[in-house]
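Peer 1: Spelled out, the chains give:
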Amino acid sequence: MSTLKKIWLYANKYKWLFILGILFVILNVITSMIPGEIIKRIVDDVIRGGNIDYLTPLLIVLSIVAVLRSGCVFFERYFLEGFSQSVFMNLKQSVYDHLQCLSFNYFNSNKTGELMSRMTGDMEAIRQLTADGTVHLTKIIFYLLIAGGFLGSLNLKLTIITFLTSPFLLFFALRFSSRIKPAVKRIRKQFSRLNSTVQENITGIRIVKAFHQQDFEMEKFDEENNEFFKKNYKAAKIWATYFPILEFLGGVSTVFLLYFGGRMVITGEIELGVWIQFNSYLYMIIMPMRLLGNVVDLVNRAIASGERIFSILEEEPEITNKANPIIPDKIKGIVEFKNVSLKYEEEYVLRNISLRANSGDTIAIMGATGSGKTSLINMIGRYYDPSEGKVLIDGIDVRDIDLKYLRSHVASVMQDVFLFSETIYENISYGLPDVSLNEVKKTSQLAGAKEFIEDMDEQFDSIVGERGMGLSGGQKQRVSLARALLKKAPILILDDATSAVDMETEHMIQESLENMPNKSTVFIIAHRISSVRNADEIIILREGKIVERGTHDELLNFKGEYFNIYKEQYKEFIDDNITKEERVMG
Amino acid sequence: MPAKNRYFEDETVETINPRIIRRLLSYLKPYKLEVLFSLLLMGVAKVAELMTPYLTMIAIDNYIANGDTIGLLKVAILYLFLILLSSICIRYRVIITNKTGHKVIKTLREQVFKHIQSLSFSYFDSRPAGKIITRVMNNVNTLQNMLKNGVINIVIDIVTLIIILVLMFRIQLNLSLITLSVAPILITIIFLLKNKIRIRWQNVQKKGSNLNAYIHESITGMKITQSFVREDSNSDIFNDLLDTYRQTWMKAIMLTHSVFPSVMIINTVSVILVYYFGIKYLSTGAITIGALIALSQYLWRFWQPVINLSNFYNQILIANSAAERVFQVLDTKPDITNKDGAIELPDIKGQIEFKKVTFSYDKSVEILKNMNFNIKAGETIALVGATGAGKSTIINLLTRFYEIDKGEILIDNIGIRDVTIESLRKQVGVMMQDSFIFSGTIMDNIRYGNLGASNEEIIEAAKTVHADDFIKNMENGYETEVNERGSRLSVGQRQLISFARTLLSDPKILILDEATSSIDTQTEILVQKATDVVLKGRTSFVIAHRLSTIRNADRIFVIEDGKIIEKGSHEQLLNRKGAYYHLYKAQYSRVV
Numbered sequence: 001m002s003t004l005k006k007i008w009l010y011a012n013k014y015k016w017l018f019i020l021g022i023l024f025v026i027l028n029v030i031t032s033m034i035p036g037e038i039i040k041r042i043v044d045d046v047i048r049g050g051n052i053d054y055l056t057p058l059l060i061v062l063s064i065v066a067v068l069r070s071g072c073v074f075f076e077r078y079f080l081e082g083f084s085q086s087v088f089m090n091l092k093q094s095v096y097d098h099l100q101c102l103s104f105n106y107f108n109s110n111k112t113g114e115l116m117s118r119m120t121g122d123m124e125a126i127r128q129l130t131a132d133g134t135v136h137l138t139k140i141i142f143y144l145l146i147a148g149g150f151l152g153s154l155n156l157k158l159t160i161i162t163f164l165t166s167p168f169l170l171f172f173a174l175r176f177s178s179r180i181k182p183a184v185k186r187i188r189k190q191f192s193r194l195n196s197t198v199q200e201n202i203t204g205i206r207i208v209k210a211f212h213q214q215d216f217e218m219e220k221f222d223e224e225n226n227e228f229f230k231k232n233y234k235a236a237k238i239w240a241t242y243f244p245i246l247e248f249l250g251g252v253s254t255v256f257l258l259y260f261g262g263r264m265v266i267t268g269e270i271e272l273g274v275w276i277q278f279n280s281y282l283y284m285i286i287m288p289m290r291l292l293g294n295v296v297d298l299v300n301r302a303i304a305s306g307e308r309i310f311s312i313l314e315e316e317p318e319i320t321n322k323a324n325p326i327i328p329d330k331i332k333g334i335v336e337f338k339n340v341s342l343k344y345e346e347e348y349v350l351r352n353i354s355l356r357a358n359s360g361d362t363i364a365i366m367g368a369t370g371s372g373k374t375s376l377i378n379m380i381g382r383y384y385d386p387s388e389g390k391v392l393i394d395g396i397d398v399r400d401i402d403l404k405y406l407r408s409h410v411a412s413v414m415q416d417v418f419l420f421s422e423t424i425y426e427n428i429s430y431g432l433p434d435v436s437l438n439e440v441k442k443t444s445q446l447a448g449a450k451e452f453i454e455d456m457d458e459q460f461d462s463i464v465g466e467r468g469m470g471l472s473g474g475q476k477q478r479v480s481l482a483r484a485l486l487k488k489a490p491i492l493i494l495d496d497a498t499s500a501v502d503m504e505t506e507h508m509i510q511e512s513l514e515n516m517p518n519k520s521t522v523f524i525i526a527h528r529i530s531s532v533r534n535a536d537e538i539i540i541l542r543e544g545k546i547v548e549r550g551t552h553d554e555l556l557n558f559k560g561e562y563f564n565i566y567k568e569q570y571k572e573f574i575d576d577n578i579t580k581e582e583r584v585m586g
Numbered sequence: 001m002p003a004k005n006r007y008f009e010d011e012t013v014e015t016i017n018p019r020i021i022r023r024l025l026s027y028l029k030p031y032k033l034e035v036l037f038s039l040l041l042m043g044v045a046k047v048a049e050l051m052t053p054y055l056t057m058i059a060i061d062n063y064i065a066n067g068d069t070i071g072l073l074k075v076a077i078l079y080l081f082l083i084l085l086s087s088i089c090i091r092y093r094v095i096i097t098n099k100t101g102h103k104v105i106k107t108l109r110e111q112v113f114k115h116i117q118s119l120s121f122s123y124f125d126s127r128p129a130g131k132i133i134t135r136v137m138n139n140v141n142t143l144q145n146m147l148k149n150g151v152i153n154i155v156i157d158i159v160t161l162i163i164i165l166v167l168m169f170r171i172q173l174n175l176s177l178i179t180l181s182v183a184p185i186l187i188t189i190i191f192l193l194k195n196k197i198r199i200r201w202q203n204v205q206k207k208g209s210n211l212n213a214y215i216h217e218s219i220t221g222m223k224i225t226q227s228f229v230r231e232d233s234n235s236d237i238f239n240d241l242l243d244t245y246r247q248t249w250m251k252a253i254m255l256t257h258s259v260f261p262s263v264m265i266i267n268t269v270s271v272i273l274v275y276y277f278g279i280k281y282l283s284t285g286a287i288t289i290g291a292l293i294a295l296s297q298y299l300w301r302f303w304q305p306v307i308n309l310s311n312f313y314n315q316i317l318i319a320n321s322a323a324e325r326v327f328q329v330l331d332t333k334p335d336i337t338n339k340d341g342a343i344e345l346p347d348i349k350g351q352i353e354f355k356k357v358t359f360s361y362d363k364s365v366e367i368l369k370n371m372n373f374n375i376k377a378g379e380t381i382a383l384v385g386a387t388g389a390g391k392s393t394i395i396n397l398l399t400r401f402y403e404i405d406k407g408e409i410l411i412d413n414i415g416i417r418d419v420t421i422e423s424l425r426k427q428v429g430v431m432m433q434d435s436f437i438f439s440g441t442i443m444d445n446i447r448y449g450n451l452g453a454s455n456e457e458i459i460e461a462a463k464t465v466h467a468d469d470f471i472k473n474m475e476n477g478y479e480t481e482v483n484e485r486g487s488r489l490s491v492g493q494r495q496l497i498s499f500a501r502t503l504l505s506d507p508k509i510l511i512l513d514e515a516t517s518s519i520d521t522q523t524e525i526l527v528q529k530a531t532d533v534v535l536k537g538r539t540s541f542v543i544a545h546r547l548s549t550i551r552n553a554d555r556i557f558v559i560e561d562g563k564i565i566e567k568g569s570h571e572q573l574l575n576r577k578g579a580y581y582h583l584y585k586a587q588y589s590r591v592v
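Line by line, the protein sequences are chains A and B. Using the working numbering, you'd call the opening residue of the first sequence number 1 and step up by one each time. Using the working numbering, you'd call the opening residue of the second sequence number 1 and step up by one each time.
Quick caveat, the hints were computed from the structure, so don't treat them as lab data. Certain hints may be false.
With a cut-off of at most 20 Å between alpha-carbon atoms, the simulated SDA-like pairs for lysine to any residue come out as follows [unchecked claim]:
hint: 1; chain 1: B; residue 1: K131; chain 2: A; residue 2: Q199
hint: 2; chain 1: A; residue 1: K237; chain 2: B; residue 2: Q144
hint: 3; chain 1: A; residue 1: K237; chain 2: A; residue 2: F171
hint: 4; chain 1: A; residue 1: K157; chain 2: B; residue 2: T69
hint: 5; chain 1: B; residue 1: K472; chain 2: A; residue 2: Q199
hint: 6; chain 1: A; residue 1: K220; chain 2: B; residue 2: D561
hint: 7; chain 1: A; residue 1: K40; chain 2: B; residue 2: Y276
hint: 8; chain 1: A; residue 1: K476; chain 2: B; residue 2: D125
hint: 9; chain 1: B; residue 1: K74; chain 2: B; residue 2: N62
Put together the whole structure using the sequences plus the hints.
Peer 2: Right, dumping it as structure tokens:
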């Protein structure tokens, strides 16, 4: 299906606005022909013919026509802008809703800036086509038809002579738009390069300064900035070439009309009024021809943009509800992995993982960077589906459970903490309706966040996130932990959730987690022994496989990788302890 | 405090400030000749264009009426010459104004960017990055139009109005005055409308930027949205935002589209006046047919410059607010600069002294209070304390990312304020909590620490921190492209790369600010061994939560509320049975 047709699918609903709009455009074109005719009558009948009585009615008609035309101009815009805004809104909402269904993989492989430009620049191209493009195109067609036909019927010979240059005009207009288009595209591209250079510099300014690389940064910037200048100048040169040509060719038509038309008046072939009428209609034909290039450009741009927008809409969500999903009454929190493997682009990330967590258990996962820890826990909330094997919750395959139901029963704190530009209260109560401030406060206490929040000027009303106050890494982690805890989900996932929190606070958080009534089933990814030692089962992953598992004591006795980690983190304690014991013995 | 606003809150609007406009125009000063020349070109083109109705009049009255075809041909040729002249002038004007305008923009943007490089951390702490970027990019771009065409157009429009009036008065003074009697009405209407229109478009802009901010945040926070099952309510919020946007848009666009109908109606009134009175003048012989037609043609041309001038006021307003933001950046004095006569810091040994150092970020709360310490060259110092105690602050002061309020910091007995910032930071390497990755290859990212380093040296540094293994395993090894903020890499991998980067800069004083918090212990064991090697011969500060890391330090400083409450080696501090001992015991009892 062609892109324009696809766009029409989103516009179809509003076709009456479109049709009404087009009708008014046509009416506008027709009424705009009338003043010329009236002027002709004034010149021929009133002035030259001496029928002074005709003047008043003619002038009255002229004023009525002016009012009519004003109405047409207003209503054509009213309906077509309404149409275009409706299409714009419909399409934008659809893309937004669709994005919300796409999986983590999609967002990992598509840059935010790229998605943003589809939601802004590309949408704008479609808006322009539906609003301005339709008006221009209809005007071009009807002006050429009506004005051209009318002049032709008045005097065919003069019409042909006057518009002798129009094939050239058309040719240059189209050529201009085909040449300026890539130039403008290059400007836009260079602008976004320049923009990302600046963006990177400013977000990374601390590193720039720490390494004192301002000169290097200036160099990078100057290069892009210079290129931006050059691209702009190039486009201006194309403009400078074609714009005067178009002006000139339009002017030549006037000269032809002046000379040849004047001669025909002298020889009596036409009336003076007709000649004047030609003069007033001339630009009704020249302007549309000049605009044609614009319209072609609008259509092309909308097609290209439409393709990019539809590539989002046509992206199949990897993870969807199956038909008739199960909605259990309650989730107890028994999580089971049965021979689970996960492939990412033909490569195994996880291989043959089996594990079971009973309701209220804590499972800790350790392992080197890239060993598959995050992928493992992301399969519980179905952010990825296993390539082989099954993940079960309370004995039901997660793929059979209603997706929203499932996710609202799994709370997670992710490695990359993200806070919205809203108040802390709103961030913590995110996703939950009607939460009292008291409850939010209580939960932040559990997450070790209450104290620093209450130290802030506006406390729980402080705005954080990209557009708000900066919090430290540890503070962000605690807010995001509170957000997850408030959900009171039967399954809680902590992906390196306290790495930036100091040991003492972490310990306090752990204790409060332990002592919570109705303790959730907890999956925790951590590097510190202190974070994992109380877990019911500790799993060590290496290259996607479980290499060690057991309780803290079991793994210490096993004297494998876990033991090594333990020794590394605590050898000093052990050494000190031994020295002390020796001292006591001695 | 930072500017705070959420997706449903708008930013404020400004008014015209002549000082800002003058300052903006001063950027055109080096291009005086160009501006004058394009004014001249534009003037010639305008006069040529405006002569055409006059020529038509002459053609009708003098030649067509008398049947003089030779005369008609002469007029036609003159006409052709005028439009040719006008076309040529337009061509060169486009080239000159664009070249000048874009050059000025380029210079201005360069100036802003360069200035931003010199601003200190406190500037960036208080503003979201997005706002600063907007100033360098969008606000500067907004000035383009003003600098390119603004000045020239206003002169030309005024000149055009004068020429039209002169020509019309020459043709028939009384009739012109009668027909133009409606002009004041239209001018008033247009200026009133334009003012309203501007306000409405500003509204559209605000709603649009709220909408975009919401989309941006929705995309970056998508994982959270999905895991908290907030899709439906987000979709509703988005729908409301879209709806508001559409309403403001419709209000703005419809008012915009009412300008043309108003002009048309008023113009029709004046055309009616022309013919109604013109025909009376005809009978008295005070005017010719050609003149009557020429007058009605000039009338139509009279309105365009009026509309332009009303637009121009809006343009100035827009340029004013953009320029104000840009100049605000330029006028921000960098609070940390090289003092006059600052010397290059000579090759240091690495001895550090804090003398009665007091510091606060915002003058209200003192973060460090009268801090004193002395560190020997080559010593490793671990900083211990709760979040917010002031550990990172000590480090930020040593590198002069912030300026101290009172006291003195000395390196090898030289005050750090007496040396150039560049030479100081070259010898003090910091690995920060937030490991920033630039887009580009991994190789480039490590090389950032020392642009002159060879590939071999880079690989060597990566090997030292055990980043080599995972880098080699990526599809293009060291040449693998990593995207914005390194989102392809795990947090631990980012930390390793930035560790390698710091090492490559080969600093005499090395600072590790929770450099390895997200590296798994297996890797950290390796990194730790490497660190031991690396730290040799360098003075170093280590901030870490793991006691194992801390214990190896020569001395440990325990920081609480901006003061050092304990100092000494691990053994000494344990024996003292103070804060450190309790901290240690608490962790210890939980494990063993």
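Peer 1: Against this structure, judge whether each hint is valid.
Peer 2: Taking the hints in turn, this is what the structure says about them:
| no. | hint | verdict |
| --- | --- | --- |
| 1 | K131/B - Q199/A | holds, 10 Å |
| 2 | K237/A - Q144/B | holds, 17 Å |
| 3 | K237/A - F171/A | holds, 19 Å |
| 4 | K157/A - T69/B | holds, 18 Å |
| 5 | K472/B - Q199/A | violated, 29 Å |
| 6 | K220/A - D561/B | violated, 42 Å |
| 7 | K40/A - Y276/B | holds, 15 Å |
| 8 | K476/A - D125/B | holds, 16 Å |
| 9 | K74/B - N62/B | holds, 12 Å |
Hint compliance for this structure: hints 5, 6 are broken, all remaining hints hold.
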